Amino acid sequence: MRGFIQILSLLLFSALFVFATYKLPDWLFADLYLRLDPLLSLNAIFAAREIIPRALWALLTVGATLLIGRFFCGYVCPMGVSIDLLDFFFFRKKRRENPLRLESTLRRMKYLLLIFFLSAAVVGLSLAFLFDPIAFLTRFYTFFIYPVAVTLINLFLDLLRPLFRQLGWVSISHLHFSQPVFYMTAITLLLFGGIIFLNRWVPRFWCRYLCPLGAFLSLFSPLGLLKRRVNEECNQCMRCRKACPMGAIGEDPRKTNRPECVQCGTCSEVCPKEAVSFSPSFSIGGEYSKLDLSRRGFFFSFSGGLIAGFLALQTPFRLRRGKLQLIRPPGAIPEDEFLRTCIRCGECMKSCLTNTLQPSLWESGLSGLWTPKMDLRLAPCDQNCNVCGKVCPTQAIRSLSLEEKNHAKVGTAIIRKELCLVWAQNKICLICDEICPYNAIVFRPLEGYRRPVVIASKCNGCGYCEQRCPVKGESAIVVVPDGEIRLKEGSYQEEARRLRLEFKPDPGDDKFILEQEGLKIEEDRIGKGKTLFKEKLKSQKPKGFL
Amino acid sequence: MDHWEITRRDFLKTAVAVAASVSGAKGLSLSHAKEEYDLVVVSGEPIPATQKAIELLGGLSRFIKRGERVIIKPNMSFARTPDVGATTHPLVVATVAKASIEAGAKEVLVVDHTLQRPELCLERTGIQEACKNLSGVHVLTVQERKFFKEVKIPKGKVLDRIEVIQEILDNPVLINLPTAKSHSATGVSLGIKGLMGLIWDRESFHSRYNINQALADLATVIRPRLTILDATRALTSGGPGGPGEVKKLNLIIAGIDPVAVDSYGVSIVPWYGQNFKGRQVEHLLAAYQRGLGKIDIDQLKILKEKA
Numbered sequence: 003m004r005g006f007i008q009i010l011s012l013l014l015f016s017a018l019f020v021f022a023t024y025k026l027p028d029w030l031f032a033d034l035y036l037r038l039d040p041l042l043s044l045n046a047i048f049a050a051r052e053i054i055p056r057a058l059w060a061l062l063t064v065g066a067t068l069l070i071g072r073f074f075c076g077y078v079c080p081m082g083v084s085i086d087l088l089d090f091f092f093f094r095k096k097r098r099e100n101p102l103r104l105e106s107t108l109r110r111m112k113y114l115l116l117i118f119f120l121s122a123a124v125v126g127l128s129l130a131f132l133f134d135p136i137a138f139l140t141r142f143y144t145f146f147i148y149p150v151a152v153t154l155i156n157l158f159l160d161l162l163r164p165l166f167r168q169l170g171w172v173s174i175s176h177l178h179f180s181q182p183v184f185y186m187t188a189i190t191l192l193l194f195g196g197i198i199f200l201n202r203w204v205p206r207f208w209c210r211y212l213c214p215l216g217a218f219l220s221l222f223s224p225l226g227l228l229k230r231r232v233n234e235e236c237n238q239c240m241r242c243r244k245a246c247p248m249g250a251i252g253e254d255p256r257k258t259n260r261p262e263c264v265q266c267g268t269c270s271e272v273c274p275k276e277a278v279s280f281s282p283s284f285s286i287g288g289e290y291s292k293l294d295l296s297r298r299g300f301f302f303s304f305s306g307g308l309i310a311g312f313l314a315l316q317t318p319f320r321l322r323r324g325k326l327q328l329i330r331p332p333g334a335i336p337e338d339e340f341l342r343t344c345i346r347c348g349e350c351m352k353s354c355l356t357n358t359l360q361p362s363l364w365e366s367g368l369s370g371l372w373t374p375k376m377d378l379r380l381a382p383c384d385q386n387c388n389v390c391g392k393v394c395p396t397q398a399i400r401s402l403s404l405e406e407k408n409h410a411k412v413g414t415a416i417i418r419k420e421l422c423l424v425w426a427q428n429k430i431c432l433i434c435d436e437i438c439p440y441n442a443i444v445f446r447p448l449e450g451y452r453r454p455v456v457i458a459s460k461c462n463g464c465g466y467c468e469q470r471c472p473v474k475g476e477s478a479i480v481v482v483p484d485g486e487i488r489l490k491e492g493s494y495q496e497e498a499r500r501l502r503l504e505f506k507p508d509p510g511d512d513k514f515i516l517e518q519e520g521l522k523i524e525e526d527r528i529g530k531g532k533t534l535f536k537e538k539l540k541s542q543k544p545k546g547f548l
Numbered sequence: 131m132d133h134w135e136i137t138r139r140d141f142l143k144t145a146v147a148v149a150a151s152v153s154g155a156k157g158l159s160l161s162h163a164k165e166e167y168d169l170v171v172v173s174g175e176p177i178p179a180t181q182k183a184i185e186l187l188g189g190l191s192r193f194i195k196r197g198e199r200v201i202i203k204p205n206m207s208f209a210r211t212p213d214v215g216a217t218t219h220p221l222v223v224a225t226v227a228k229a230s231i232e233a234g235a236k237e238v239l240v241v242d243h244t245l246q247r248p249e250l251c252l253e254r255t256g257i258q259e260a261c262k263n264l265s266g267v268h269v270l271t272v273q274e275r276k277f278f279k280e281v282k283i284p285k286g287k288v289l290d291r292i293e294v295i296q297e298i299l300d301n302p303v304l305i306n307l308p309t310a311k312s313h314s315a316t317g318v319s320l321g322i323k324g325l326m327g328l329i330w331d332r333e334s335f336h337s338r339y340n341i342n343q344a345l346a347d348l349a350t351v352i353r354p355r356l357t358i359l360d361a362t363r364a365l366t367s368g369g370p371g372g373p374g375e376v377k378k379l380n381l382i383i384a385g386i387d388p389v390a391v392d393s394y395g396v397s398i399v400p401w402y403g404q405n406f407k408g409r410q411v412e413h414l415l416a417a418y419q420r421g422l423g424k425i426d427i428d429q430l431k432i433l434k435e436k437a
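For the record, the sequence lines run as chains W and F. If you count the first sequence from 1, you need to add 2 to reach this note's numbering. If you count the second sequence from 1, you need to add 130 to reach this note's numbering.
This list has only true hints and no planted wrong ones.
In the DSS-like style, the derived pairs of lysine-lysine whose C-alpha atoms are separated by at most 25 Å in a straight line are:
#1 K262/F / K25/W
#2 K424/F / K543/W
#3 K543/W / K378/F
#4 K543/W / K377/F
#5 K378/F / K506/W
#6 K377/F / K506/W
#7 K429/W / K287/F
#8 K407/F / K543/W
Covered stretches of chain F, as calculated for chain W (at least 3 residues, CB under 8 Å):
#9 307 to 321
#10 360 to 374
#11 411 to 418
I should point out that these hints are in silico values taken from the structure, not numbers from a laboratory. Note that the coordinates shown come from a computational prediction; the quantities given were computed from them, not determined experimentally. In this text, a Cβ means the ideal position worked out from N, Cα and C, and glycines have one as well.
Work out the full structure: start from the sequences and follow the hints.
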C-alpha cells in the first residue's frame, strides 16, 4: 500500500515535470511539489523578506503534517521514493548496521543544517536549495534524467523506425525529440549519486541525518494523530528496531522516537506478534521525544548561517552586480531580490523551449549557484514562449503574458566590429538583420560603407542575432545586460513606453539594399555632410536581382 | 522523380478541356481547348481561389495516381502567423491536401525543415491546425540529419551532391506550395527558393556556395509535379522572415513549369518598391539557363480566372 502511494507520487512528480514545457496550460501547476515544500517556501519568504503567494501553498503540507504526522517523508516525498527504489536495487542485500553507532550525533546534523539554512536566509542568502530534497530532485531530473531520457527515447525510436515505416505509421516514423543540453549535468549527477551511496551504511541515510525538510517537519509532526503504538504482546524481539528505515525505534522497542517516525508501517509488518499499530490519538505529552540539540550546536549552526550569509553577500558579485555579464531570463525580478528568491530548482531550465536557459556555476558567486542564465549563443529566447515564468514556484521569474514578456528586455545586442564580417572584412552578410524579429538591426551608410548597427531602443535582447551569427566561436553580435528591465511589480509594457522603447514586429525603416559588388558607397557621396542614401537606392537593386 | 513525365502540351490540353467542361457556363468557349496554357492564375480568397486553380488544372487526379503518397512542401519555416506573409497560408495548404486525398492519394505528408523551433512553426503558421481534421494528412517537420539522404546532381554547376529529405526520393509526387515573399539574399523567395526547405545543410547555400547557382542546381534534381504559388499575400520587403510590407494580392498561381510560375510571381508586385522581371532574378535566370522552364512571361500562355 505504501509502496503504491509512493510510486504514484513519483509518477505524479515526473508527469508534472514532463508537462513543464511549452505549451503549459495555465491551469496546470507544473511546480506543484515545489510549491508544497515548506522549507523552500520559508527559505524564499525569509530571504526575500516578503510573503510570496505561491509559497503559501506549503501551508497545506504543514497543515496535513499537523493533522496526520510526518507522512510526507514516508509516502509523498519523491526524493524519499527515489532513495527507497534505488536502495532496493543496490543495497538490499547489504548487511547494514541499524542503527549506526554515531546515530545520535548524526541525527543532529539535519537540525543543524536546517538552522544554518534558515539563518542564512534571514540574512538574505538563499542556500536551502543545496539540501532541499524537492529542489534537489527537480535539478537532478532537469540536468540528468531529462537529457538522458531524450537520448534513450530517440535511440528507441531509431531502433523501431524500420518497423514503423513498414506499418506505414507516418508521424511516429518521423518522430524525434530535440536533445536538451546543460552545463553542470555531471556535478548534479555526482551529488545525487552521493546521496544514494550513503544508503550503503544505513537505509535512508539522507532522510535520517541530512534532510532539512524532514528536520523541519519533524518539529511538529509528533502532534499528528497517527502514532505508533505497541501493545503487551510485544516480546522485544527487536525485529522492528532493525527493520525501521528511519531508525526511529529505541532500545526499548515499545517506545518510538516520534519526530523520526514517518509512519511507514514497516514495524507493524515485520512484527511476529502483530503488536504494533498506528491508530489515531490526541495525546501529545509523554512520548514526545525532545530535540537532542546541544546549545553549542545550535549556536554554531545559527551563527554559521549568519556568517555564511554575510560572507556570501559581501562579494563582488553582489556589491558590483551592475558590472556582471549575466543575462537573466525575461521577467526575472531585480538581481538582488532574484538571488534571494530563486530556489534553484531548475524548473525554468527544464521548461525552456529553446534550451537557452542554463545553470550558473560560479558566474555570480556562491549566491548564484545553479541560478538560470541565458546562453544566447546556444539558443535564442523565442517571443512566442513565456513558460519559464509560469513554472517558477517562487516567482523569481514573474509569470507574464506573452506581450508583457516580450517587453521584459533582458539586455541589448552590441556589434563587435573587430569580429563582424561586414565591419572587419567588408563581406556581405546580413544574417543578424534578417533574423531580428524586431527590425532592431539596420544597415546605415557610415564612412563610405553600409554597416549593420543596432537600434538599442528596438532590441529586447532575444538573442536571435547572437545565436545565428555565422562567425565561428564567439559571436560578432552579443547581448549584454545593458538596458535590461527588471521589475518587481508593475507592467513591463508601461515601463518600456516610459523609456521610449518599442519592441514591435513591424516593418522597419531598413529597406536597405545591397549591391552584389559590395557595400561601398560612391566616393562623391561621402564627406558632403549627408549621405543621400535614399537617392542612391533608386539606382541600386536588392540582392538577388540582376 | 524522372519516371513521371507529362509534357506541358498534354497537361494543358486536358487541363483546359476539363476546365471547360466544369465551368462551361462561365463562358469558357471550346476553342480554349485547343490552346495550351503554361499557367493558371486565379484571383480570390484562399480556399475558393485554390479550389478554382486546381479545377482549372484539371483536378489533382491528373497528377496523382491512386494510392500514391503525396509530399506537399509549404513554407512553414518561420514561427509567424499568416498575416506576416512569411509562410504559406494554412487554408491554401489544407485545400491542396484535401484535394490530394480526394484525388486518390493514399497519404499526404506536409513537410518542411524549419528554421525556428518546429513546435512553434507548426502552431503559429496555423498549418497544423488547418490540417488537423483531414484524415490521411500528416503535418511534419524534419529536423534531423538521419531523415535526409544524399543525391547526386549530375547537371550541377556548383553542387555535385546534396542531402535532401528522404521522403521526396521515396515518393514520386511532390507538390510545391510556396508563399510569395521577398528575400534578403535571393531577391525573391518563391517556388525554387522554397525547395531549400527540403535540404539538410541550408547554411552552406549562404556561406559556401553562390546561393543563386546552388538553387538552380537543386532545382535540377528536385522536380515538383506541380507548383502552386500562394500569392494571397506577398511579403514585399523584410523577407524571408518578416516583419515587412505585406500586400494582399489574393492570387493563386499554378503550373508545372517551376520557372514560369516563379517568373510570373516576380511580375505581380513590386519587390522592395521596384518592378522586376523574372530574368532579373539571378536564381531564376540560372534555372532557366539550366533548361528548367520558361522565363519570359510575355511568351507564356496564361489562363486567368476569378474564383
